[in-house]
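A.B. asks: Sequence:
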Amino acid sequence: MIESKLAEALTNAVKTMYQQTVQPAIFQIQKTRPEFEGDLTVVVFPLLRLSRKAPETTASELGQWLADEMPEVTGFNVIKGFLNLEIADTYWFSFFKSASDNEKFGFKQQQNEPPVVIEYSSPNTNKPLHLGHVRNNLLGWSVAEILKASGKKVLKVNLVNDRGIHICKSMLAWQKWGDGKTPKSSGQKGDKLVGDFYVLFDKKYKEQIADLVKQGVDEKEAALKAPLILEAKAMLVKWEGGDEEIRKLWKEMNSWVYAGFDITYRQMGIDFDKIYYESETYLLGKALVNEGLEKGVFFKKEDGSVWCDLTDEGLDEKLLLRSDGTSVYMTQDLGTAQLRYDDYHPQKLMYVVGNEQNYHFDVLQRVLKKLGKSWAEGIYHLSYGMVELPHGKMKSREGTVVDADDLMEEMAATARRTSEELGKFDDFTPEESARLYNMIGMGALKYFILKVDPKKTMLFNPEESIDFNGNTGSFIQYTHARIRSVIRKANAAGIEPKANSVSGLLLQKKEKTLLKLLYDFPQVVDAAAEAYSPAQIANYSYDLAKEFNQFYHDHSILKEEDTAKRDFRILLSAFTSKVLRSAMGLLGIQLPERM
RNA sequence: GGUCCCGUAGCAUAAUUGGAUAGUGCACCUGACUACGGAUCAGGAGGUUGCAGAUUCGAAUUCUGCCGGGAUCACCA
Numbered sequence: 045m046i047e048s049k050l051a052e053a054l055t056n057a058v059k060t061m062y063q064q065t066v067q068p069a070i071f072q073i074q075k076t077r078p079e080f081e082g083d084l085t086v087v088v089f090p091l092l093r094l095s096r097k098a099p100e101t102t103a104s105e106l107g108q109w110l111a112d113e114m115p116e117v118t119g120f121n122v123i124k125g126f127l128n129l130e131i132a133d134t135y136w137f138s139f140f141k142s143a144s145d146n147e148k149f150g151f152k153q154q155q156n157e158p159p160v161v162i163e164y165s166s167p168n169t170n171k172p173l174h175l176g177h178v179r180n181n182l183l184g185w186s187v188a189e190i191l192k193a194s195g196k197k198v199l200k201v202n203l204v205n206d207r208g209i210h211i212c213k214s215m216l217a218w219q220k221w222g223d224g225k226t227p228k229s230s231g232q233k234g235d236k237l238v239g240d241f242y243v244l245f246d247k248k249y250k251e252q253i254a255d256l257v258k259q260g261v262d263e264k265e266a267a268l269k270a271p272l273i274l275e276a277k278a279m280l281v282k283w284e285g286g287d288e289e290i291r292k293l294w295k296e297m298n299s300w301v302y303a304g305f306d307i308t309y310r311q312m313g314i315d316f317d318k319i320y321y322e323s324e325t326y327l328l329g330k331a332l333v334n335e336g337l338e339k340g341v342f343f344k345k346e347d348g349s350v351w352c353d354l355t356d357e358g359l360d361e362k363l364l365l366r367s368d369g370t371s372v373y374m375t376q377d378l379g380t381a382q383l384r385y386d387d388y389h390p391q392k393l394m395y396v397v398g399n400e401q402n403y404h405f406d407v408l409q410r411v412l413k414k415l416g417k418s419w420a421e422g423i424y425h426l427s428y429g430m431v432e433l434p435h436g437k438m439k440s441r442e443g444t445v446v447d448a449d450d451l452m453e454e455m456a457a458t459a460r461r462t463s464e465e466l467g468k469f470d471d472f473t474p475e476e477s478a479r480l481y482n483m484i485g486m487g488a489l490k491y492f493i494l495k496v497d498p499k500k501t502m503l504f505n506p507e508e509s510i511d512f513n514g515n516t517g518s519f520i521q522y523t524h525a526r527i528r529s530v531i532r533k534a535n536a537a538g539i540e541p542k543a544n545s546v547s548g549l550l551l552q553k554k555e556k557t558l559l560k561l562l563y564d565f566p567q568v569v570d571a572a573a574e575a576y577s578p579a580q581i582a583n584y585s586y587d588l589a590k591e592f593n594q595f596y597h598d599h600s601i602l603k604e605e606d607t608a609k610r611d612f613r614i615l616l617s618a619f620t621s622k623v624l625r626s627a628m629g630l631l632g633i634q635l636p637e638r639m
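45 is the number of the first residue of the first sequence in the numbering used here; add one for each residue after it.
Please note: incorrect hints may appear among the correct ones.
Subject to a maximum C-alpha distance of 30 Å in a straight line, what follows is the list of computed DSS-like cross-link-like pairs (lysine-lysine) [claimed, not checked]:
#1 K248 to K269
#2 K362 to K345
#3 K542 to K152
#4 K556 to K75
#5 K225 to K269
#6 K97 to K75
#7 K533 to K75
#8 K148 to K196
#9 K439 to K295
#10 K414 to K344
#11 K533 to K499
#12 K269 to K344
#13 K533 to K560
#14 K220 to K439
#15 K192 to K590
#16 K258 to K220
#17 K468 to K49
#18 K269 to K295
#19 K330 to K295
#20 K269 to K345
#21 K468 to K495
#22 K318 to K236
#23 K49 to K542
#24 K152 to K141
#25 K269 to K258
#26 K269 to K330
#27 K220 to K236
#28 K556 to K603
#29 K495 to K413
#30 K236 to K192
#31 K277 to K439
#32 K196 to K392
#33 K295 to K233
#34 K277 to K247
#35 K269 to K236
#36 K75 to K59
If you're looking for bench data, these hints aren't it; they were derived computationally from the structure.
Hey, can you work out the whole structure from these sequences and the hints?
C.D. replies: What follows is the structure in structure tokens.
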């Protein structure tokens with residue numbers, strides 16, 4: 045890499061000219077802004093204490109040194125405290141030759157070190173997936189892929205919340221009013237069917253509360269005493285007691301939900317290496333709590349409830365076991381964390397969970413540390429912002445929840461409409477066009493969501509839907525399709541150039557900026573992995589596509605008469621399409637040959 | 001009220017992590033070889049980066065205090 049060579053040369057320069065010994069890392073070498081001449085820029089302000097000279101003088105001296113010492117440096121200019129360096133075309137060409145054929149360009153080999161376990165999705169089995177899950181799923185999947193690309197071993201895991209009072213509510217409603225309805229008998233998707241019964245429960249429960257209030261019962265008390273909620277609680281006790289009939293129903297209804305989730309996940313294009321179920325792990329937490337009691341790091345109150353005192357760390361006391369001995373959310377998460385650690389001994393335990401749970405994960409880590417689990421240090425909560433609608437948050441009560449399946453279908457339908465308006469492709473079979481519209485719709489959706497910095501709250505406007513023009517997934521897909529079209533044409537004309545035959549050319553301006561941008565890709569992957577940010581990959585992809593379009597606009601490719609230039613441009617285009625595919629692949633977005 | 005997060009053009013967003021004149025898209029104007037694919041390209045207009053201080057060669061970015069928005073502080077998950 046040229047940057048490290050420059051840093052090394054600068055280290056020598058400082059040693060020789062200014063008699064100072066420094067680490068190469070102190071040199072700030074960045075891309076030269078397009079409005080200035082040059083390729084790379086050294087910021088000299090931090091070096092003034094070494095040179096004890098004016099910024100311009102220091103920059104000139106260092107620039108001269110580099111120009112003398114490094115054949116790659118063909119020129120330099122100084123503006124204020126910025127030393128702009130020109131890098132030889134031969135350097136960029138040699139990069140081009142070494143990288144353009146490499147399918148894995150930008151991807152590191154897997155390092156031999158403990159894995160990263162990343163949990164995402166984490167659905168409840170009482171309702172279908174919605175827009176919030178979509179952001180979660182896309183984010184988790186993409187971060188996992190980016191980490192893999194940066195050389196990490198990664199395990200994607202899902203934790204399904206398949207037990208608890210909320211599940212019992214759906215079950216109870218189905219028992220009472222379901223008439224034996226199944227996904228098969230009704231033709232309804234399993235998660236939707238179960239979700240409907242959850243909603244039905246809520247409706248009937250509210251009616252009961254209202255009746256009680258009419259009879260003069262206090263509203264809070266009514267909520268606790270309504271027959272339906274008592275039944276649901278009784279059912280939960282039965283479930284925990286292993287009641288056969290209840291367990292059977294529970295298994296069946298959950299299986300409907302899983303079949304429904306599978307369809308949604310498949311359509312979304314996400315997957316998991318392992319699925320944990322809370323019903324299988326919730327007991328482990330209790331053992332940990334007992335361990336803490338024995339060690340004296342937790343304490344029991346008079347009513348029998350167990351707590352962890354975090355007041356000396358600026359937090360509150362945290363409940364770990366109810367007075368009746370049943371476990372709470374925290375208890376379960378302690379258990380699953382331990383299990384996950386035992387399963388994989390990971391270097392990092394990541395949780396992709398909304399920022400509403402920041403406090404929960406802060407507490408989780410602290411409690412585990414109190415238990416003396418040194419691996420708790422590796423817990424990382426990848427906290428992301430909520431998705432809001434123009435009128436505010438999604439509220440199931442107000443019917444403003446955006447269903448994941450509906451959304452994806454709508455996206456594909458919009459893609460179809462747009463394509464038809466533009467009058468494309470009569471020669472596609474129905475299957476081919478369906479695949480394409482799906483690819484475009486999902487690409488738009490994924491890009492729209494992933495281009496936003498994870499930690500930011502984002503706004504989603506269903507009416508305006510998602511753009512297909514400008515900074516969008518479709519723009520990048522279109523760019524790719526156009527490149528592929530050029531290459532098809534070239535191949536059809538019998539032109540199939542090889543990278544190592546390219547030589548003796550000078551880079552045109554747009555060729556150079558494009559090539560330099562391609563050169564950046566590996567660093568972008570690293571930075572995105574470091575920051576857990578698919579948004580950085582999305583922004584890079586957009587810049588790259590935009591840059592290519594400018595190049596494409598300014599220069600002829602196939603019509604270029606100088607065959608050496610023509611061949612180079614074909615290869616440069618092919619290289620671009622490859623990197624676009626790699627980058628967008630990290631976001632789970634496919635790029636079509638035609639669109 | 002305590003703790004944490006966020007305020008960038010009408011809207012949506014970026015800024016190489018403290019670097020040059022704060023980029024980009026949508027929407028709005030104006031243009032583009034009679035298209036190697038116009039879902040494209042070029043140009044215009046739009047900003048006191050919520051406000052006020054502090055730190056320094058240099059601040060959207062760090063610190064302090066306000067203002068505004070959100071989350072959380074459950075024997076819910």
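A.B. asks: Evaluate each hint against the coordinates.
C.D. replies: Now the hints, each set against the structure:
1. K248 to K269: holds (14 Å)
2. K362 to K345: holds (12 Å)
3. K542 to K152: holds (24 Å)
4. K556 to K75: holds (13 Å)
5. K225 to K269: holds (29 Å)
6. K97 to K75: holds (24 Å)
7. K533 to K75: violated (35 Å)
8. K148 to K196: At roughly 15 Å apart (the allowed maximum being 30 Å), K196 and K148 satisfy the hint.
9. K439 to K295: Distance ~29 Å between K439 and K295 Cα, so the pair holds.
10. K414 to K344: holds (16 Å)
11. K533 to K499: violated (44 Å)
12. K269 to K344: Distance ~28 Å between K269 and K344 Cα, so the pair holds.
13. K533 to K560: holds (26 Å)
14. K220 to K439: Measuring from Cα to Cα gives roughly 26 Å; hence the hint holds.
15. K192 to K590: holds (27 Å)
16. K258 to K220: Holds: K258 and K220 sit about 24 Å apart, inside 30 Å.
17. K468 to K49: Since the Cα atoms of K468 and K49 sit roughly 50 Å apart, the hinted pair is violated (cutoff 30 Å).
18. K269 to K295: holds (28 Å)
19. K330 to K295: It holds: about 24 Å lies between the C-alpha atoms, which stays within 30 Å.
20. K269 to K345: It holds: about 26 Å lies between the C-alpha atoms, which stays within 30 Å.
21. K468 to K495: Within the cut-off at roughly 28 Å; holds.
22. K318 to K236: holds (24 Å)
23. K49 to K542: holds (28 Å)
24. K152 to K141: It holds: about 19 Å lies between the C-alpha atoms, which stays within 30 Å.
25. K269 to K258: holds (14 Å)
26. K269 to K330: holds (29 Å)
27. K220 to K236: Roughly 18 Å separates the two Cα atoms, so the pair holds.
28. K556 to K603: The hint holds at about 20 Å.
29. K495 to K413: violated (35 Å)
30. K236 to K192: violated (34 Å)
31. K277 to K439: Within the cut-off at roughly 25 Å; holds.
32. K196 to K392: holds (11 Å)
33. K295 to K233: Status holds; Cα separation ~16 Å.
34. K277 to K247: holds (17 Å)
35. K269 to K236: Answer holds: K269 to K236 is near 29 Å, not above 30 Å.
36. K75 to K59: holds (25 Å)
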